[in-house]
Amino acid sequence: MTLKGLAPIALLAGLVASASLAEPLGDARAGEAVFRKCKSCHQVGDGASNRVGPHLNGVFGRRAGGLEGFAYSKSMTRAGVDGTIWEVRTLDAFLENPKSLVSGTKMNFRGLKSAEDRSNVIAYLRDFSDNPANIPEASPTATPEVTLSPEVLALVGDPEYGEYLSSDCLTCHQSDGGDAGIPSITNWPEEDFVLAMHAYRQKLRPHPVMQMMAGRLSDEEIAALAAYFKDLE
Amino acid sequence: MTFNRRKFIKTSVVTAAALSAPAVLADGHGKPRVVVIGGGAGGATAARYLAKDSKGALDVTLVEPSRSYYTCFFSNLYIGGFRTIDSLAHSYGTLAAEYGVNVVHDWAVDVDRDAKTVTLAGGSTLSYDKLVLSPGIDFVDGAVEGWDLSTQNAMPHAYKGGSQTELLKAQIEAMPEGGTYAMVAPPNPYRCPPGPYERVSMVAHVLKAKNPTAKILIADPKEKFSKMALFQEGWGDNYAGMIDWIGSDFGGGDVSVDPANMTLTIDGEETPVDVCNVIPAMKAGKIADMAGVTDGNWAPVNAIDMSTKADADVYVLGDASQQGDMPKSGFSANSQAKVCANAIRGALTGSKVFPAKFSNTCWSLIDTDNGVKVGATYEATDEKIAKVDGFISATGEDGATRKATYEESIGWYAGITSDMFG
Numbered sequence: 007m008t009l010k011g012l013a014p015i016a017l018l019a020g021l022v023a024s025a026s027l028a029e030p031l032g033d034a035r036a037g038e039a040v041f042r043k044c045k046s047c048h049q050v051g052d053g054a055s056n057r058v059g060p061h062l063n064g065v066f067g068r069r070a071g072g073l074e075g076f077a078y079s080k081s082m083t084r085a086g087v088d089g090t091i092w093e094v095r096t097l098d099a100f101l102e103n104p105k106s107l108v109s110g111t112k113m114n115f116r117g118l119k120s121a122e123d124r125s126n127v128i129a130y131l132r133d134f135s136d137n138p139a140n141i142p143e144a145s146p147t148a149t150p151e152v153t154l155s156p157e158v159l160a161l162v163g164d165p166e167y168g169e170y171l172s173s174d175c176l177t178c179h180q181s182d183g184g185d186a187g188i189p190s191i192t193n194w195p196e197e198d199f200v201l202a203m204h205a206y207r208q209k210l211r212p213h214p215v216m217q218m219m220a221g222r223l224s225d226e227e228i229a230a231l232a233a234y235f236k237d238l239e
Numbered sequence: 184m185t186f187n188r189r190k191f192i193k194t195s196v197v198t199a200a201a202l203s204a205p206a207v208l209a210d211g212h213g214k215p216r217v218v219v220i221g222g223g224a225g226g227a228t229a230a231r232y233l234a235k236d237s238k239g240a241l242d243v244t245l246v247e248p249s250r251s252y253y254t255c256f257f258s259n260l261y262i263g264g265f266r267t268i269d270s271l272a273h274s275y276g277t278l279a280a281e282y283g284v285n286v287v288h289d290w291a292v293d294v295d296r297d298a299k300t301v302t303l304a305g306g307s308t309l310s311y312d313k314l315v316l317s318p319g320i321d322f323v324d325g326a327v328e329g330w331d332l333s334t335q336n337a338m339p340h341a342y343k344g345g346s347q348t349e350l351l352k353a354q355i356e357a358m359p360e361g362g363t364y365a366m367v368a369p370p371n372p373y374r375c376p377p378g379p380y381e382r383v384s385m386v387a388h389v390l391k392a393k394n395p396t397a398k399i400l401i402a403d404p405k406e407k408f409s410k411m412a413l414f415q416e417g418w419g420d421n422y423a424g425m426i427d428w429i430g431s432d433f434g435g436g437d438v439s440v441d442p443a444n445m446t447l448t449i450d451g452e453e454t455p456v457d458v459c460n461v462i463p464a465m466k467a468g469k470i471a472d473m474a475g476v477t478d479g480n481w482a483p484v485n486a487i488d489m490s491t492k493a494d495a496d497v498y499v500l501g502d503a504s505q506q507g508d509m510p511k512s513g514f515s516a517n518s519q520a521k522v523c524a525n526a527i528r529g530a531l532t533g534s535k536v537f538p539a540k541f542s543n544t545c546w547s548l549i550d551t552d553n554g555v556k557v558g559a560t561y562e563a564t565d566e567k568i569a570k571v572d573g574f575i576s577a578t579g580e581d582g583a584t585r586k587a588t589y590e591e592s593i594g595w596y597a598g599i600t601s602d603m604f605g
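Keeping their order, the protein sequence lines are chains A and B. Going by the numbering used here, the first residue of the first sequence is number 7, and it counts up by one from there. Going by the numbering used here, the first residue of the second sequence is number 184, and it counts up by one from there.
Chain B regions said to be covered by chain A (calculated; three or more residues, Cβ under 8 Å):
no., region
1, 510-521
2, 534-542
3, 571-581
4, 593-604
Think of the hints as simulated: they come from the structure by calculation, not from any bench. Think of the CB as a built atom: it goes at the ideal place given N, C-alpha and C, for glycine as much as any other residue.
Work out the full structure, taking the sequences as your base and the hints as a guide.
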């Protein structure tokens, strides 16, 4: 596994680690400028309506896929059913790499790599949500403290071990890539995979089975799985 | 191996490959031979992984009498009208054609552990270096007074997939208006802990639509059962007044049946019934007993690799094994098979052996789009397979969550059957 492949985790970890409970939101005015990248698909503010993407008024505290009348991807709907609520930490993870949080999202956007840009645009969006009033200390704007050490990020996985561990995945996830009822995990980019496993282990992603399965994987084992999936044709 | 393998694997996964030269190579007969008896969730998975991962280095034979395998898991959904019987059938064609498994459709009738041979009903003999038994369950003789295998058509168990399931469904659909479906539930431990109660839910689903004044009576030797709160909530919400569960506190364990007259007697009180689904106490499939690896009703195994306590070259998977905390389920058998295949391949070819990790999830359907689940992860300890972590659906969940859980179970069925049969 390459360090390059793990760079997104470093960014996520860096941001999350620094965003302790009392951390203020970013600069909404700067966020308005960042939001220009989103505007071709999303509207926010007075009279905003659904376009290519759903309107973003009141997005804080809303369940993923929760806006009636918008045709979400199966994956986004499932994320909402599993319990994903849009708040600072979930929006941050989603905006950094949309497919790492919601694998099959239709949002065709590569993500904002700058933690500052994300923090600012989240602050901008926050102004268009009513709840809660007592920002930023309370949920949904509070963020938990999570850390990933550089040693963890530098781990080199054993692909043979990864192959053995992957057999545990294939009891439910279909090896032919079918995604009825349970999402497909074939042909998944390595960095998205590692991010997703850590997100489940940290209970950032909500599904109880996956939290349990990822929860018992060591850092070495996540690296091994990533190394195996990386080389899978 | 002469050293303490269990400790060795635990403490030193990485160096294992370097140190262990092929410890048991077949002496003088070419490739090492593995014989797997039973083509269900344990056996089919073990055969597939052994053949797939050894890339031709092992000679893998799977002995299974049926050409079409009907899964017992999801058979309740067939009873409820949510699946066709054909959708539960699977063939061994891919295992043979794509993975090179030698599939033999025959009954194994004897095991000679000294000669390391298996005798088949057709008369031929198979030699093995390692033997995997995954025979599922048989019923304990005399477990329910008045019932034996000769009466299983009058009072079906429907606890093995296939014709018994079809028979039970036909009997339910032929019940007279306002008639009674009775179930004699089994004592612990048994295959698929939520299975009898999911079945009751599916029977109620059918009767509610076709025969709404019919009654369901359950005589149960247990005080409580798997997912009890979830089922009881679901029965109250969806099938109010239809289901009467009589636990051991009220004599549910004191039962006898009369298949000729179609009566069920619970705690001395005789009741006429129209369908009587008798699920007797269970034990390991017969071949495990014939191989001499059982102790009482089940075959005790080592958690690290599923090898039997009786013989290090004989492994038992799934329902027939006595392993510790895992429930007897298709998911468990599939999980155990992968650990076992990894260990056998290591012993016979010198490939790396990795730590045993097990998991299980059981989904149950209560009514249309109303699924619940329970699951856990497990690890191998010196004493047993021990539970690490688990979860269960909550009572009072919303409809979207229950629907997603049901859809997840459909995805799992596709996943596990493709993991078993390729």
